[in-house]
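These are the residues of each chain, in order.
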Amino acid sequence: MAAFDPVVLFFVLGMAAGLARSELRLPPAIYEFVSLILLLSIGLKGGLQLATQPLGALLLDSLLVILMGLLLPLLAFPLLRAGGLPRADAASLSAHYGSVSVGTFAVALSYLLEVGLEHEPFLPLFVVLLEVPAIFVGIMLARGGSGRTRWGELSREVLLGKSVVLLLGGLFIGWIAGPAGLAGIDGLFFDLFKGVLAIFLLEMGLIASRHLDGALRHGPFLLAWGLLAPPVMAVIGLAFAALMGLSTGGAVLLATLAASASYIAAPAAIRSAVPEANPALSLTASLAITFPFNIFLGIPLYHWMANHWPGG
Amino acid sequence: MTMHVRKLLTVVTEAGLERRLVEDLRQLGARGWTITDARGQGHRGKRALDWEYEGNIRLEVVCEGSLAEQLANHFRQHYYQDYAMILFMQDVEVLRPEKF
Chain A
116 MAAFDPVVLF FVLGMAAGLA RSELRLPPAI YEFVSLILLL SIGLKGGLQL ATQPLGALLL
176 DSLLVILMGL LLPLLAFPLL RAGGLPRADA ASLSAHYGSV SVGTFAVALS YLLEVGLEHE
236 PFLPLFVVLL EVPAIFVGIM LARGGSGRTR WGELSREVLL GKSVVLLLGG LFIGWIAGPA
296 GLAGIDGLFF DLFKGVLAIF LLEMGLIASR HLDGALRHGP FLLAWGLLAP PVMAVIGLAF
356 AALMGLSTGG AVLLATLAAS ASYIAAPAAI RSAVPEANPA LSLTASLAIT FPFNIFLGIP
416 LYHWMANHWP GG
Chain B
4 MTMHVRKLLT VVTEAGLERR LVEDLRQLGA RGWTITDARG QGHRGKRALD WEYEGNIRLE
64 VVCEGSLAEQ LANHFRQHYY QDYAMILFMQ DVEVLRPEKF
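Heads up: the sequence lines are chains A and B, in that order. With positions in the first sequence counted from 1, the corresponding number in this note's numbering is that position plus 115. With positions in the second sequence counted from 1, the corresponding number in this note's numbering is that position plus 3.
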């Protein structure tokens with residue numbers, strides 16, 4: 116292992132600046148813009164390569180990925196309840212950890228570039244497929260079959276969220292246009308990918324620094340959860356990757372997706388559907404504990420685990 | 004110049020509620036409103052606005068006193084328990100009462 120992608124140093128810079136109460140602040144529009152470019156880049160790149168592949172074989176793998184998205188929150192929930200969390204908070208954390216973080220996925224892509232590992236082109240599609248199911252499972256766990264949930268409005272909110280629209284849109288455009296069609300815009304979306312990721316990580320560091328005191332205030336259980344849940348979930352991701360016969364690079368990406376926790380789609384949906392859950396708890400765990408853990412230690416660890424997977 | 008008294012209802016709350024509040028305003032019959040981004044600090048913590056789901060909004064509605072009260076009651080019933088929200092009312096004078 117011990118491979119290291121210097122781009123994560125921008126996260127350290129943001130975190131240090133935030134903790135030192137530096138004047139450094141990025142306007143919200145910048146964060147919006149860089150996350151838009153990341154989402155479109157990931158989608159376009161996937162779409163571009165999908166164009167050269169038969170799509171039929173993808174159906175079974177897609178179903179497996181959705182199954183994994185349903186399974187992760189169902190496994191997390193009883194553990195969180197056993198840890199003494201109230202029902203709503205346990206359900207909220209289950210949804211966050213079952214769902215995925217595109218930022219973490221982008222860092223994993225950058226890591227694979229750094230170490231020179233190839234991966235299957237359909238992984239960006241898996242990001243979309245994994246983002247949504249856990250959120251619905253989490254809401255159902257919180258409700259426990261009772262109460263009213265505005266499913267119609269909620270579905271629209273989740274399925275038409277920024278990341279789903281941009282990832283799917285990018286996949287579709289890349290798939291239709293092909294390499295020749297994208298020749299004019301690949302400078303922005305592909306060549307600048309790492310630079311944009313650096314700015315994104317700088318902002319993530321600033322945001323995470325503001326949640327750090329919460330990570331300590333919520334006690335040892337949340338800290339332990341934020342650090343231990345990801346590697347365990349990564350093992351489940353690797354098992355699914357082995358089931359699908361993914362390459363090492365693909366397995367690292369799927370493990371990273373399983374291990375990552377949502378901090379955009381899930382917080383918004385859970386805030387509106389399960390308002391009694393404490394939003395600070397889930398956001399703190401996912402942003403201030405799990406995100407840094409994954410980008411610094413997790414991804415190289417999942418790479419090592421993929422290399423040592425039995426039969427892999 | 005004749006001035007007419009109306010109520011100004013101001014609500015400060017989480018940005019994520021904007022769509023639902025606007026829907027409530029429509030249903031309860033408000034004719035117009037103004038929403039601005041806001042930041043500040045209260046007993047539910049600091050609301051920083053530099054990240055889309057942490058921001059606050061300030062919603063202002065000028066309307067008849069009876070509607071302002073109806074809106075305030077509705078918001079209190081539906082959002083006070085679980086969301087960061089404050090609201091207050093004051094008398095304001097307007098030039099064109101038919102607009103409000």
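A couple of the hints might just be wrong.
Said to hold, decoys possible - In silico contact screen, one side only, chain B against chain A (beta carbon under 10 Å); selected entries:
id	residue
1	17
2	20
3	23
4	27
5	39
6	41
7	45
8	72
9	79
10	82
11	103
Stated by the list, open to error - The calculated label-pair distances, taken between Cβ atoms and stated as ranges, are:
id	chain 1	residue 1	chain 2	residue 2	range
12	A	121	B	43	44 to 52 Å
13	B	39	A	268	48 to 56 Å
14	B	40	A	342	45 to 53 Å
15	A	303	B	37	14 to 22 Å
16	B	32	A	411	51 to 59 Å
17	B	42	A	328	15 to 23 Å
Source of the hints: derived by calculation from the structure; they are not laboratory data. Beta carbons are placed, not taken as given, at the ideal position from N, Cα and C, and that holds for glycine.
Comparing the hints with the structure gives:
About 7 Å separates the beta-carbon of residue 17 of chain B from the nearest beta-carbon of chain A, less than 10 Å, and the hint is met. Hint status for residue 20 of chain B relative to chain A: holds, with the closest Cβ pair at about 8 Å, below 10 Å. Because the smallest distance between the Cβ of residue 23 of chain B and any Cβ of chain A comes to about 8 Å, under 10 Å, the interface hint for this residue holds. At its closest, the beta carbon of residue 27 of chain B sits 13 Å from a beta carbon of chain A; the interface hint therefore is violated under the 10 Å criterion.
Because the closest C-beta pair between residue 39 of chain B and chain A is about 14 Å apart, greater than 10 Å, the hint is violated. Hint status for residue 41 of chain B: violated, given a least beta-carbon distance of 13 Å to chain A, over 10 Å. Proximity of residue 45 of chain B to chain A is violated relative to the hint, the smallest CB-CB distance being about 14 Å (cut-off 10 Å). Taking 10 Å as the C-beta cut-off, the interface hint given for residue 72 of chain B is violated, the closest approach to chain A being about 24 Å.
With 10 Å as the threshold, the beta carbon of residue 79 of chain B stays out of range of chain A, its nearest partner Cβ sitting at about 14 Å, so the hint is violated. Interface hint at residue 82 of chain B: satisfied, since its Cβ lies 8 Å from the closest Cβ of chain A, which is below the 10 Å cut-off. The closest approach between the C-beta of residue 103 of chain B and any C-beta of chain A is roughly 29 Å, which is over the 10 Å cut-off, so the hint fails. For residue 121 of chain A paired with residue 43 of chain B, a C-beta distance near 38 Å fails the hint of 44 to 52 Å.
Taken as a hint, the range 48 to 56 Å is violated for the pair residue 39 of chain B and residue 268 of chain A, whose Cβ atoms sit roughly 25 Å apart. The hinted window of 45 to 53 Å between residue 40 of chain B and residue 342 of chain A is violated, with their beta carbons roughly 35 Å apart. Here the CB-CB span from residue 303 of chain A to residue 37 of chain B is close to 36 Å, at odds with the stated 14 to 22 Å. Distance hint check: the CB atoms of residue 32 of chain B and residue 411 of chain A are about 54 Å apart, consistent with the given range 51 to 59 Å.
Between residue 42 of chain B and residue 328 of chain A the beta carbon distance is about 19 Å. The supplied range of 15 to 23 Å therefore holds.
Hints 4, 5, 6, 7, 8, 9, 11, 12, 13, 14 and 15 from the earlier list are contradicted by this structure; the remaining hints agree with it.
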